[in-house]
Amino acid sequence: MPLINFAAREINYKIVYYGCGLCGKTTNLQYIHRKINPDARGKLVSIATEEERTLYFDFLPLTLGTVKGMQTRFHLYTVPGQSYYNASRKLVLQGVDGVIFVADSQITRLDENVESYLNLWDNLLGQGDDLSKLGFVIQMNKRDLSDIFSVEDMNELLNHTGSPVTESSAITGEGVFDTLKVVCKQVIAKTG
Amino acid sequence: MARRKGLVINDRQLDRCDELLLKLKEVSGSTFLALISTSGQPITTASDTYHPETLSLASLAASSFAATQQLASILDEHEFTLLFHEGKSLNLHVSQVTDQVLLIVTFGRETQVGKVRLYTQRAIEVLRQIFEGPEDENPPAMDVDFESAAGDAMDDLFKDG
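Sequence order for the protein chains is A and B.
Just so we're aligned, residue 1 is where the first sequence starts under our numbering, counting upward by one.
Just so we're aligned, residue 1 is where the second sequence starts under our numbering, counting upward by one.
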């Protein structure tokens with residue numbers, strides 16, 4: 001559930017980009033930060049290693065503006081994708097309203113995708129939240145590369161919930177905003 | 001960043017919080033105070049002239065606090081209820097109010113840590129009552145057209161170029 005501050009006329013939603021290491025989560029946030037109206041975004045905060053791999057999370061606040069009298073914000077987070085950072089992923093997931101699972105479409109990344117997808121559901125179920133209220137989208141990323149799975153195959157492997165699927169190339173920006181829009185509309189519809 | 005069960009703040013709660021934060025700022029000699037959710041969202045702030053970037057501050061403070069709780073768990077400690085960072089000119093004090101709310105206090109080197117801790121602890125007892133009091137019998141509701149209006153705003157904002 002979002003934080004609704006009726007007194008201050010504010011509503012805040014938390015969106016988390018999840019997926020295996022190097023699948024493009026941070027690239028999604030960097031593209032959004034670069035392309036969105038600067039008045040609508042805050043600072044992009046990254047807690048990363050010296051090699052620029054996400055250590056804890058990236059954070060980017062977006063302001064949708066005043067909607068029906070409510071200042072509406074989306075707080076975008078990424079998680080560290082490498083498998084040994086699971087404790088950090090659990091912390092970032094807490095209080096989440098919507099998840100974008102970023103799947104790396106390359107055939108060579110199949111095992112990492114499946115491991116990350118199962119890990120996501122393990123962590124979500126472990127929180128004990130009502131998952132019927134959770135927005136969820138699968139973003140099939142790196143569609144611009146060769147040697148990739150078909151959307152149908154990936155859907156069969158990674159979408160046991162029958163959730164909405166988008167295609168993207170985060171590095172060029174293709175599909176990045178489309179994906180964000182799908183999950184944001186979902187969380188508003190589900191949590192009001 | 002602890003799990004939210006849904007945090008809704010009404011006018012009465014916010015007024016009481018604002019009043020209390022201003023008083024705490026005055027008696028403790030602190031420079032900036034913020035109430036935030038444990039998920040990293042700001043609720044309200046009190047400051048004179050010092051305005052840090054509140055959204056980033058709230059996100060980072062909540063994350064640090066959550067990590068501290070996990071450290072406690074690993075060390076077989078029940079919980080660490082506060083987080084303290086000492087700087088050359090500024091100190092940061094983060095403490096837990098309820099399982100959904102944290103209090104951030106910043107203060108300069110000229111202010112005694114003990115004084116801040118004492119008054120903060122007293123303020124937390126009052127804040128806890130504000131957030132853990134009985135729920136509204138008639139809670140406010142979102143505008144029925146919020147979803148469609150938000151959808152239009154997103155179509156406008158989330159576009160390339």
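Keep in mind the hints are simulated off the structure, nothing from the lab.
Misleading hints may appear alongside valid ones.
Here are the simulated lysine-lysine pairs, DSS-like style, with alpha carbons at most 30 Å apart [to be verified]: (1) B:K25 x A:K190; (2) A:K90 x A:K133; (3) B:K159 x A:K181; (4) A:K181 x A:K90; (5) A:K43 x B:K88; (6) A:K35 x B:K88; (7) A:K181 x B:K23; (8) A:K68 x A:K181; (9) A:K68 x B:K88; (10) A:K68 x A:K133; (11) A:K185 x A:K90; (12) B:K88 x B:K23; (13) A:K35 x A:K185; (14) B:K159 x B:K88; (15) A:K68 x A:K90; (16) A:K43 x B:K115; (17) A:K185 x B:K115; (18) A:K68 x A:K190; (19) B:K115 x B:K25; (20) A:K35 x A:K68; (21) A:K43 x A:K190; (22) A:K181 x A:K35; (23) A:K185 x A:K68; (24) A:K133 x B:K25; (25) A:K90 x A:K190; (26) A:K35 x A:K190; (27) A:K43 x A:K133.
Since the structure is predicted, the reported quantities are computational estimates derived from the model, not experimental observations.
Practice problem: Go through the numbered hints given earlier and state which of them the structure violates, listing their numbers in rising order. | Solution: 1, 6, 7, 9, 14, 15, 16, 17, 24
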